[in-house]
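Put together the whole structure using the sequences plus the hints.
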Amino acid sequence: MNRDARLWMKLMLIAFVANGLGPFGLKVLSERKLAGYQPQYLFYWYLGGLFFALLALFGGSFRVNRKEVALGAFMGLASFCGQAFTGLALSHNVPGYIAFPLTTGGSLFLVATAGILLFREKVGPYGIAGLTLGIIALVTLSAA
Amino acid sequence: MNPGYLYTIAGLLSFSALGVFHKLADVKGCRPSAINALLYAWSTVFSFLIMTAIQGDHPAAPGSVVWIAIPFGISASIAILALQAGIRHGNISTSWLAINLSSGIPTVASILVYHEAVSARKAFALVLIVLSMFLLWVDRSRQERRRAAAEAIADVQCCEKEPQ
Chain A
1 MNRDARLWMK LMLIAFVANG LGPFGLKVLS ERKLAGYQPQ YLFYWYLGGL FFALLALFGG
61 SFRVNRKEVA LGAFMGLASF CGQAFTGLAL SHNVPGYIAF PLTTGGSLFL VATAGILLFR
121 EKVGPYGIAG LTLGIIALVT LSAA
Chain B
1 MNPGYLYTIA GLLSFSALGV FHKLADVKGC RPSAINALLY AWSTVFSFLI MTAIQGDHPA
61 APGSVVWIAI PFGISASIAI LALQAGIRHG NISTSWLAIN LSSGIPTVAS ILVYHEAVSA
121 RKAFALVLIV LSMFLLWVDR SRQERRRAAA EAIADVQCCE KEPQ
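Which chain is which? The protein sequence lines are A and B, in order. Residue numbering for the first sequence follows our numbering, starting at 1 and increasing by one per position. Residue numbering for the second sequence follows our numbering, starting at 1 and increasing by one per position.
None of these hints come from the bench; they were simulated from the model. Be aware that a few hints might be false.
[As the list claims (entries may be wrong)] Straight-line C-alpha distance at most 27 angstroms; calculated DSSO-like pairs for lysine-lysine:
(1) B:K122 with A:K27
(2) A:K122 with A:K27
(3) A:K10 with B:K161
(4) A:K122 with B:K122
(5) B:K28 with A:K10
(6) B:K122 with A:K33
(7) A:K67 with B:K122
These numbers come from a predicted model, not from an experiment.
Encoded structure:
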């Protein structure tokens, strides 16, 4: 497989900025006193994402195979369950300063561990330092 | 025990599973655009079902809600597509960190757009995010250099073995 470090960094910067902007809409919604429409907002948010995703898919071959359908369903379910369970935790009086650091920092740790142990990924000392600082940064930010 | 803590653990495991599925999709040779489309298709269905069946709500909303939601949803979809494409060229462990570190962006945007106060803790976290991204870049570049050097050595050894 051709692994390109520059291309990886470019794609990660795009993902970093675009993923960061994604949830900012919720802030705009609450600033405009429209927070009561959060369920509708989420539905149209996903619909907007689907619209772009279909455009990107039409750019290539529209055919999807069974593996893609199954994994897409599992990923959609995992994404949805993650948000729903975090919401349920908050509604059961788990403070945000515990729920958010645990779900973000904890998932980072588990995914990094899975990458190294299950998929035999090699992470150098700078990468481990980056991962450690990243987990500390996210825990600090979500507890702030 | 407060069931809220069990929900927190379930949330943690769900988000972790999502990261592992991203890697699995790459290992199984799934196309990033197909994975992105199916992830959003299923999520749209789930959010619609929750809104209508569980919350007893309906999709009708003021135009301003729709026009705020759609561009930010598109932005998130671009992110997932870039992440899934990026995993081909890097590790899930570091790629997952890069996408999660983006939670610093709404903080910066809130400071710039809504003039929110910057606490010392927030400022410290934002500096750590930049430092962390820089370290990931250094790590990835070093890996690439090592790989190129190993390939060059292998080429030289291959040429030496060939009969003259």
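Hints versus structure:
1. The hinted pair formed by K122 (chain B) and K27 (chain A) meets the criterion: a straight-line CA distance of about 17 angstroms does not exceed 27 angstroms.
2. Of the pairs offered as hints, the one joining K122 (chain A) and K27 (chain A) is violated, with about 38 angstroms between alpha carbons and a cut-off of 27 angstroms exceeded.
3. Simply put, K10 (chain A) and K161 (chain B) have alpha-carbon atoms about 39 angstroms apart, too far for the 27 angstroms limit, and the pair is violated.
4. Proposed proximity of K122 (chain A) and K122 (chain B) is contradicted: the alpha carbons are some 31 angstroms apart, above 27 angstroms.
5. Straight-line distance between C-alpha atoms of K28 (chain B) and K10 (chain A) comes to about 23 angstroms, which keeps the hinted pair within the 27 angstroms bound.
6. Between K122 (chain B) and K33 (chain A) the alpha-carbon distance is near 25 angstroms, which keeps this suggested pair within the 27 angstroms criterion.
7. Distance restraint check for K67 (chain A) and K122 (chain B): the Cα-Cα separation of roughly 41 angstroms exceeds the 27 angstroms cut-off, and the hinted pair is therefore not satisfied.
In summary, the numbered hints that this structure violates are 2, 3, 4 and 7.
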